[in-house]
Structures are given as C-alpha cells and as structure tokens.
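For chain A, the structure is supplied; the task is to place chain B on it using the hints.
Protein chains: 2
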Amino acid sequence: MKCSKCGGLAVINLRQHRLRLCAEHFVEWFARFTQRTIETYKMFAPEDKVLVAVSGGKDSLALWDVLLALGYQAEGMYIGLGIDEGIDYSHKSLDFCRRFVAEHHPDAVLHVVDVESEYGQGIPTLARTTQRGRGKPCAVCGLVKRHIMNRVARDGGFAAIATGHNLDDEVAVLMQNTLHWQTGYLARQAPVLAERDGLARKVKPFARIYEREAAAYALVRGIDYIYDECPFAKGSTTNFYKELLNQLELNSTGAKQQFYLDFLRAREAGKVAFEEAGPVELHPCQRCGQPTTAAGLCAFCRLWE
Amino acid sequence: MKCSKCGGLAVINLRQHRLRLCAEHFVEWFARFTQRTIETYKMFAPEDKVLVAVSGGKDSLALWDVLLALGYQAEGMYIGLGIDEGIDYSHKSLDFCRRFVAEHHPDAVLHVVDVESEYGQGIPTLARTTQRGRGKPCAVCGLVKRHIMNRVARDGGFAAIATGHNLDDEVAVLMQNTLHWQTGYLARQAPVLAERDGLARKVKPFARIYEREAAAYALVRGIDYIYDECPFAKGSTTNFYKELLNQLELNSTGAKQQFYLDFLRAREAGKVAFEEAGPVELHPCQRCGQPTTAAGLCAFCRLWE
Chain A
1 MKCSKCGGLA VINLRQHRLR LCAEHFVEWF ARFTQRTIET YKMFAPEDKV
51 LVAVSGGKDS LALWDVLLAL GYQAEGMYIG LGIDEGIDYS HKSLDFCRRF
101 VAEHHPDAVL HVVDVESEYG QGIPTLARTT QRGRGKPCAV CGLVKRHIMN
151 RVARDGGFAA IATGHNLDDE VAVLMQNTLH WQTGYLARQA PVLAERDGLA
201 RKVKPFARIY EREAAAYALV RGIDYIYDEC PFAKGSTTNF YKELLNQLEL
251 NSTGAKQQFY LDFLRAREAG KVAFEEAGPV ELHPCQRCGQ PTTAAGLCAF
301 CRLWE
Chain B
306 MKCSKCGGLA VINLRQHRLR LCAEHFVEWF ARFTQRTIET YKMFAPEDKV
356 LVAVSGGKDS LALWDVLLAL GYQAEGMYIG LGIDEGIDYS HKSLDFCRRF
406 VAEHHPDAVL HVVDVESEYG QGIPTLARTT QRGRGKPCAV CGLVKRHIMN
456 RVARDGGFAA IATGHNLDDE VAVLMQNTLH WQTGYLARQA PVLAERDGLA
506 RKVKPFARIY EREAAAYALV RGIDYIYDEC PFAKGSTTNF YKELLNQLEL
556 NSTGAKQQFY LDFLRAREAG KVAFEEAGPV ELHPCQRCGQ PTTAAGLCAF
606 CRLWE
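Protein sequences appear in the order of chains A and B. Here the first sequence stands for residues 1 to 305, numbered as in this note's numbering. Here the second sequence stands for residues 306 to 610, numbered as in this note's numbering.
The hints are simulated quantities; they were obtained by calculation from the structure and are not laboratory data. Everything numeric in this text was worked out from a predicted model, so none of it was measured. For each residue, glycine too, the CB sits at the ideal point set by N, CA and C. Errors might be hidden in some of the hints.
Which chain A residues face chain B? A few, computed with CB under 8 Å, are given here [claimed, not checked]: (1) L250; (2) N251; (3) A266; (4) G270.
Facing chain B, from chain A, some residues (calculated, C-beta under 7 Å) [to be verified]: (5) F96; (6) T178; (7) L179; (8) W181; (9) F240; (10) K242; (11) L244; (12) F259; (13) V272; (14) A273; (15) E275; (16) E276.
Just chain A, with the same shape it has in the complex:
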C-alpha cells in the first residue's frame, strides 16, 4: 500500500477520503483536517485560550497534542473521579496524562481537579449514596464533570472547552437520538455548543475524525494512553450502537460520516427542522454561582446535601 502523497509506505487507508498515507503525511493530514474542522465550525481563534478535557485516553490526548502542534493556546484539564474498580482506573489515567506532558509537551499546563479530595467523595461512592446515581454512576459522573469543567473554564478565562468526542461518538449519539426521535436533542446536537448565561462554549474538533484515525494518530505520534475504557461504560447502549454502526461502515464505506454530515447539512439548509425544547431560564446557584434551572441549589450542589 503506497502513500497517495509521496509513494512511500502507507500506514493507514482512509477509505472514506480515498487516501492512503505514510506516517509523516498522515500526521500532516490529521492536523490540517482538525484545523479545517475548527475553522469550518468557527470553534475558536488562535488568540483564544482553550481548555482541553483530558481523560488519559487516545482521543483527548491526541486532541491536546494536535492543538498544541497547531499553535493553539491549549491547556489540559484532568478530573480525578476516584474510580478504582479493581484496575486503579483513575490513578492510571492521570499517570498517562502526566507522562504525556512530560514526554511530549513539558511546557504545557495541566489542571488537575480531584473530586474525592476536593469534595469528599469519588464518583462510585457518590453514585451509591445519592438518588441520581441509582443503578449506574454515569449520570452523576456527567453532572460532576460538566460542573467542574465549567468552573475551571470560567475561572481561568477560557474561550471554550474542547472535548475529544470523535465521529464514532457523535454518530452513536445521533443514532440513539434518531431511533427515539428525541427532537429536543436533535435540534441541538452539533460540533459546537454556543456559550450562554455562564455556560462555557463547548467544541468538538474531532467531530469529523473516525475513532480509528485518532487511535492511529496517537500510535504514530508515540502517545501512550490508557487502553481500558471506563469500567462503568462496559455494555453501554452507546457501545452497542457503535457496533451496529461499524457493520454499516463495513457494508458501505463512509456511511458514518455521511449520516452525521448529511444530518448537519440538512438541518443547516432547513430541509429538516426539529422542535427545540422550550427556552429555559437560567440563574445562578445560591451556593456555587453556576447557572442552573433550579430555584435554589444547582443539581451539583444538591448532590452533596
């Protein structure tokens, strides 16, 4: 397999782009493609400070790496969730983030917030002791992460929070929302969520990058990352949809990309319109000051009552 650019040995076949690339040209293509996504969706500008939510996994570390390589002012943020589950998951994840900085970007800033030491309980305990966490801790975890990310972004003057969500993630969510015609979600799902009323802008520069491309980028760039996914994500609906979508892609190259991009285009052009959930009024939480729809305390602060 020969590189479409230089004729050298190709390391990856980007079927949906009809490109085969060697390591060097793949890294170049990957950075340029990410840059183009940032510009196309007007995610942030070179002068903006961007907060990258890093988990120690391939997507978020690859994102941080490529943003720094492109010259963006990207600082990392790791949230220690206190998840052990017999594999010391959270500690290991943080180690991968720290090693990434030391080996690849010794001058980069990594913000670390440890939920357990800062608030008294990690996610698994919190999930067991609260109403919201019944069954699975994922709902509590999402809430806690959103709260902390928003706080750090606000306090640090960041223009946007960037997450490593890739095309496979986005398409799985789109599939789930579409199968249930969740029109409120379908009205909003996008590579960019605009800032509003104290909620920081959120962007997904990998929204058009396939998961296997992010993994290949990490590999080629020598980025060591945590292979395990969160133990609580095993058997999730999202993973089930990803499996179905892989079959779809295997049957028809580019099917995932087409599903997602055609959705964005059709909505943009007004060919499909989804009813948005009614406008909600946000006001500051009485304790933490973050925006909430609740009358007194926000859902995060209520967790610790």
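Frame of chain A; chain B shown alone:
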C-alpha cells in the same frame, strides 16, 4: 408459555405488546390489530373496494386473508413478472396465489396480469434491453408494477391498493432514508399515500405488524406461501438494514416499532418537519393516459419504445 387471554398453550410471544397468545387468540388479535390500523390511519371503509397486491408470499396472502375475514371487499391482483432464474419463481408464485384462493376463499376474485404475454417481455429481458434496467432489474420491476397496479385499480373502480408491507419493511426503508437524510422521502413515508391526479390511493394495513407476526399468522391459518424471496432481492441494502434492525430489536424489545411510530408521531405533532420535494405537475401520458411528469410518454410506455 401460557396464553395471556385463556391460559391455554401459547404459540407466540408478542414481546413488544407483552402478550403471549394461543393460536385462536393470536388470529383474533391479529385481525383486530389490523382492523385498528386500518381505522387509525383512515385507510378505507367497509363499503370500499380494495385491491390487494399479492405476490404469493406470506405478507400479501396473510393480508388478503385477514381483509376477507374482516368482511372487506378485497380482490387480489397478481402480476406475472416472468422471473425464472432457475427456480421458476414467477410461475410458482402464481400457483401459491391460486391455491390460496381455491383452499381458503373459493369465491374471491383474483386478477392476473402477465407482463410477458400482455406486453411481450418479462422483467429480466426488459431489464437487459433498457437503459433503466442496467445492473439490477428492481427499478424496472417497481415501475412496471406501479403502472399495472394503478391501471387495474383505476379500471376496476377500487378505492385503494393495499400492499403487504410490514413493519420490518417500513422500518428498513425509514432507516435507509434517515441514514441519508432523504428529506423528500421522509416527508412522505407513511402507512397511507393519498390519491392524487389519477394515482390510486395506497395503503399498508400491516405497517404495524412485525414480519414474524405475519409469518406466524400464515402458519396458524394454514396458508401455504412461497418461501423463496425474489432471486433479484438477494443481498439487497434493504435486507442488510433488516439484519441490523433485528439486532437492535434483540437488544431492546420494541425498538423497531418505537423507531417507526415515534417517527410518525413526531412528524404529525410538528416536532420534526421535513422539506417536501417541490410540487410536480402531472398530466396524462399520450399513449396510456396514466399520470406522468414527462412531457410526452410516461416512463412505463417509454420502456417499450
């Protein structure tokens, strides 16, 4: 497994309805459910003459059977497509239709139109000799069937053409249209297509019936049908989507039904709106008089030029 109605031996578990039924109560439920679908979507009234498109397969024969059992004025129409493909497909299909009438409804009227003897060529030859048939004969076949069905419905004064499309068929098409955000199709896909400008009304009384339910009905009622699907349908995209959707249903009971019915409800309630293809002007074909968008001859008549 006990019948939810009488406690007798159940022959089928309708998981998405939380019903287990014996043969007798299943047949009763099946007829009542079909009746309810006809009424809910205002498909046709008891005084209407309905033309049932029969292929010799389980769905269309089950549909004709249940419509007659419900007392509707349902006549059958079989279109001989001249498909042999080494298994004598078309002749065998007609035999199953004739046997169904003889064994179950000796007074029922079956209209037979044989494409080869009436127009000179069967579908496979026609597909090979025309531009439109290149590659696969399915496009030509669809065109021919629509033309003949419409002609027979118009000439016979039928209020509607009923086809045996079941929920699995509908959901596979919905999946295909959604994955490509074919908004023009998504605006129209429905259990009823209204009559317009000489195009007969089309209805799908099995739009909420799972394929396995139609098969079970045929079995319990002792209806013999052709097991082979059309040899040209093998490996079709629709079959691939059906396979994916079966996995979805296995993972989450009722998922297919939910996907389809939520779609219809969300569209009906205006929670999702699709842009329709612009209105097209129809006028009579210069040769056959059937409605067409073309200036001179309709696509069907052009086939035989």
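Taking the hints in turn, this is what the structure says about them:
{"no.": "1", "hint": "L250", "verdict": "violated, 10 Å"}
{"no.": "2", "hint": "N251", "verdict": "holds, 6 Å"}
{"no.": "3", "hint": "A266", "verdict": "holds, 4 Å"}
{"no.": "4", "hint": "G270", "verdict": "holds, 7 Å"}
{"no.": "5", "hint": "F96", "verdict": "violated, 32 Å"}
{"no.": "6", "hint": "T178", "verdict": "holds, 6 Å"}
{"no.": "7", "hint": "L179", "verdict": "holds, 5 Å"}
{"no.": "8", "hint": "W181", "verdict": "holds, 4 Å"}
{"no.": "9", "hint": "F240", "verdict": "holds, 6 Å"}
{"no.": "10", "hint": "K242", "verdict": "violated, 13 Å"}
{"no.": "11", "hint": "L244", "verdict": "holds, 6 Å"}
{"no.": "12", "hint": "F259", "verdict": "holds, 5 Å"}
{"no.": "13", "hint": "V272", "verdict": "holds, 5 Å"}
{"no.": "14", "hint": "A273", "verdict": "holds, 5 Å"}
{"no.": "15", "hint": "E275", "verdict": "holds, 4 Å"}
{"no.": "16", "hint": "E276", "verdict": "violated, 10 Å"}
In terms of the numbered hints stated before, the structure departs from hints 1, 5, 10, 16, listed from lowest to highest.
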